Amino acid sequence: MNNQKGFTLVEILITMVLVSAIIGMAYYAYNRLATGITTESSSIQGAMDKIVGLELLRLDIEHAGFGIAKEETCSPVRWIATLNSSDPCDPDIEKGLILRSTLNNTNQKNLGWILVDCKQDESWLNHIIVDERKQPTNNVVFLDYRKHFAFSGNLNSKCPLDAHYIGYPVDTSVSSGCNIQTCTRIAYVLSSSQSLAQCAQGTRNLLRKVGGGLGAPILNCVADWEVRFGLDTDTDGAVDSVVLGTDLPSSPDEIRKQLKYISFYALVQEGNFDSTYNYGNNVTVDNNVVLTFPSDCPTCPNYHWKVIKKTIRLMDL
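Counting from 1, position 89 in the sequence shown corresponds to residue 89 in our numbering; the numbering is continuous, with no gaps.
Treat the hints with care, since some could be wrong.
[As the list claims (entries may be wrong)] Ranges of calculated distance between the beta carbons of each label pair, as one might list FRET restraints:
1) P88 x T276: 21 to 29 Å
2) K306 x Q108: 41 to 49 Å
3) N281 x N138: 51 to 59 Å
4) N288 x P88: 28 to 36 Å
5) H127 x D234: 41 to 49 Å
6) V130 x V290: 44 to 52 Å
7) H304 x V52: 15 to 23 Å
8) R146 x G211: 41 to 49 Å
9) N84 x D162: 41 to 49 Å
[As the list claims (entries may be wrong)] Below 35 Å or equal to it, Euclidean Cα-Cα: the simulated DSBU-like pairs (lysine-lysine) are:
10) K147 x K119
11) K158 x K257
12) K70 x K306
13) K158 x K109
14) K95 x K257
15) K209 x K147
16) K147 x K309
17) K70 x K260
18) K310 x K209
19) K70 x K109
20) K134 x K119
21) K310 x K95
22) K209 x K109
23) K70 x K119
24) K158 x K50
25) K119 x K309
26) K50 x K119
27) K119 x K95
28) K158 x K134
29) K109 x K50
30) K109 x K257
31) K134 x K310
32) K310 x K50
33) K134 x K209
34) K158 x K310
35) K260 x K310
36) K260 x K134
37) K147 x K134
38) K257 x K310
39) K310 x K119
40) K209 x K158
To be clear, the hints were calculated from the coordinates, so they are not data collected in a lab.
Keep in mind the model is a prediction, meaning the values are calculated, not measured.
All C-beta atoms, glycine included, are put in the ideal place defined by N, C-alpha and C.
Turn these sequences into a full structure, and let the hints steer you where they fit.
The structure is reproduced here in structure tokens:
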């Protein structure tokens, strides 16, 4: 006698429900894992880009004032709060950090220095005693040992006096950012729009603009950024005041005497949109710096964010 029985309809339905539930849970777990992997991958790539961009920012700030004569009327460090088309130094900048030097760390023509033992009315090219230029060029700004402007060197220039001068190579194909000499103006500003699909609506890119160029991004998906300036107002060697850019001394000479460091802050997106995540709202960091989301970014809390802070001392003022 055959005692084997088939499955009843109820048993089959129960089995199907259980299998469906297991598959559903497995899919949910897989989906969360896949989302996490994608987010982490995006974060790693973004982190590498940030490292490169922030290193460039550090170098630009550290060497602000390098090769700039004391007579130069455009300050080696400025903060522009609003556009002023009649500004004698920066009429094209609406809001941003301005740094001046003869250096441009992305241009070999600007790197290095030379020392010449000049003889009056003779070509400086015949009296180079130390040459640390990364790329030979005949366009050089010469300062004396007190950092006063001496002369601009080119292929036909002659020494004005018998004296030692330090020469700073410059690239004359880029518009000069100074009034009495050739120099490089580097401006850090936010882009006017956002074209990257992975960035939250309303964010911008922090651009590094050389001269009058369009600029290249050093940080993408920036919600907000701030800068603070550490001043030694009594010149005792210690910072006694941390101020906004609008409170910086107006004269280049006082900037050189007082400014010791610049603190940079940015609120930068990490990873992609995540509907299950809630970052919260604004971020308060030290020195009463508050980083906020753009008003036109309703989905900003659904992204992961990182506060970047860099405090960089100036070495060449």
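Okay, the hints, checked on the actual structure:
no. : hint                    : result
1   : P88 x T276: 21 to 29 Å  : 53 Å, violated
2   : K306 x Q108: 41 to 49 Å : 32 Å, violated
3   : N281 x N138: 51 to 59 Å : 56 Å, holds
4   : N288 x P88: 28 to 36 Å  : 32 Å, holds
5   : H127 x D234: 41 to 49 Å : 43 Å, holds
6   : V130 x V290: 44 to 52 Å : 49 Å, holds
7   : H304 x V52: 15 to 23 Å  : 20 Å, holds
8   : R146 x G211: 41 to 49 Å : 28 Å, violated
9   : N84 x D162: 41 to 49 Å  : 44 Å, holds
10  : K147 x K119             : 19 Å, holds
11  : K158 x K257             : 33 Å, holds
12  : K70 x K306              : 39 Å, violated
13  : K158 x K109             : 21 Å, holds
14  : K95 x K257              : 24 Å, holds
15  : K209 x K147             : 26 Å, holds
16  : K147 x K309             : 32 Å, holds
17  : K70 x K260              : 17 Å, holds
18  : K310 x K209             : 20 Å, holds
19  : K70 x K109              : 23 Å, holds
20  : K134 x K119             : 25 Å, holds
21  : K310 x K95              : 20 Å, holds
22  : K209 x K109             : 17 Å, holds
23  : K70 x K119              : 23 Å, holds
24  : K158 x K50              : 45 Å, violated
25  : K119 x K309             : 49 Å, violated
26  : K50 x K119              : 48 Å, violated
27  : K119 x K95              : 45 Å, violated
28  : K158 x K134             : 23 Å, holds
29  : K109 x K50              : 25 Å, holds
30  : K109 x K257             : 29 Å, holds
31  : K134 x K310             : 28 Å, holds
32  : K310 x K50              : 12 Å, holds
33  : K134 x K209             : 22 Å, holds
34  : K158 x K310             : 43 Å, violated
35  : K260 x K310             : 14 Å, holds
36  : K260 x K134             : 28 Å, holds
37  : K147 x K134             : 22 Å, holds
38  : K257 x K310             : 22 Å, holds
39  : K310 x K119             : 45 Å, violated
40  : K209 x K158             : 33 Å, holds
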